[in-house]
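Chemist: The chain contents come next:
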Amino acid sequence: AQSVTQLDSQVPVFEEAPVELRCNYSSSVSVYLFWYVQYPNQGLQLLLKYLSGSTLVKGINGFEAEFNKSQTSFHLRKPSVHISDTAEYFCAVTGTGFQKLVFGTGTRLLVSP
Amino acid sequence: DAGVIQSPRHEVTEMGQEVTLRCKPISGHDYLFWYRQTMMRGLELLIYFNNNVPIDDSGMPEDRFSAKMPNASFSTLKIQPSEPRDSAVYFCASSLASGSLGTGELFFGEGSRLTVL
Numbered sequence: 001a002q003s004v005t006q007l008d009s010q011v012p013v014f015e016e017a018p019v020e021l022r023c024n025y026s027s028s029v030s031v032y033l034f035w036y037v038q039y040p041n042q043g044l045q046l047l048l049k050y051l052s053g054s055t056l057v058k059g060i061n062g063f064e065a066e067f068n069k070s071q072t073s074f075h076l077r078k079p080s081v082h083i084s085d086t087a088e089y090f091c092a093v094t095g096t097g098f099q100k101l102v103f104g105t106g107t108r109l110l111v112s113p
Numbered sequence: 001d002a003g004v005i006q007s008p009r010h011e012v013t014e015m016g017q018e019v020t021l022r023c024k025p026i027s028g029h030d031y032l033f034w035y036r037q038t039m040m041r042g043l044e045l046l047i048y049f050n051n052n053v054p055i056d057d058s059g060m061p062e063d064r065f066s067a068k069m070p071n072a073s074f075s076t077l078k079i080q081p082s083e084p085r086d087s088a089v090y091f092c093a094s095s096l097a098s099g100s101l102g103t104g105e106l107f108f109g110e111g112s113r114l115t116v117l
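Top to bottom, those sequences are chains A and B.
Take the first sequence: its letter number 100 is residue 100 in my numbering, and every next letter is one higher.
Take the second sequence: its letter number 84 is residue 84 in my numbering, and every next letter is one higher.
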């Protein structure tokens, strides 16, 4: 079985500053990793995913994440955030032999002027 | 292609009433999931189906909750009788997880916001 830990429940940051949202996972098998974003009063939408290949993956809205197998991490980064990035971000993992997608508890990103 | 479609978007009902939430997954997807989201408990997986068959319903809170998937294009989540603590946003999601194109990526609907008075 897989599990995901998002240590930061909330990350406040100023506009145009860089941000990193942390995600660590646990699994005994190879994994697929995902970051989802949820804007207020909306469903979750995919930000980016790691399936295989390059460990640095780029997503929508200027976000990127790096898969680090030795540290079992998949941290999300953006070099310069905007007010519109204020949202909740969820990290998720599944085994490549498909089991259900396991979500972290989410990190609320608060961008202020 | 249309995304996952959920109805109703908002439902307000009184305690004891029956509630039915509906979901139309993306055509061709072989997995369907029902999640519940609350401030206190976050995102909880209630049940999921593979090819219309329930695979894991261990997240269903109690017998008042039931879910069906009579065909590949429709699923329902029913609460009978409803209670105030059932107030939450209920999400349906679908994915293509089998075969060479399967990745397990979930596509979510907009959610159904349920308020039980």
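Warning: the hint list may mix true and false statements.
Claimed, not checked - So the derived list for chain B, only partly shown, Cβ under 10 Å to chain A, looks like this: (1) 2; (2) 7; (3) 35; (4) 68; (5) 105; (6) 109.
Honestly, the hints are just simulated from the structure, not real lab data.
C-beta: ideal position from N, C-alpha, C; glycine also.
Chemist: State for each hint whether it applies.
Modeler: Taking the hints in turn, this is what the structure says about them:
A hinted interface residue such as residue 2/B counts as satisfied when its beta carbon comes closer than 10 Å to some beta carbon of chain A; here the least separation is about 14 Å, so the hint is violated. The interface hint given for residue 7/B is violated, since its Cβ lies 13 Å from the closest Cβ of chain A, which is over the 10 Å cut-off. A cut of 10 Å between beta carbons decides the hint on residue 35/B: the least distance to chain A is about 8 Å, and the hint holds. The beta carbon of residue 68/B is not positioned within 10 Å of any beta carbon in chain A (closest approach about 19 Å), and the interface hint is therefore violated.
Taking 10 Å as the C-beta cut-off, the interface hint given for residue 105/B holds, the closest approach to chain A being about 6 Å. Look at residue 109/B: its Cβ gets to within about 6 Å of chain A, closer than 10 Å, so that hint holds up.
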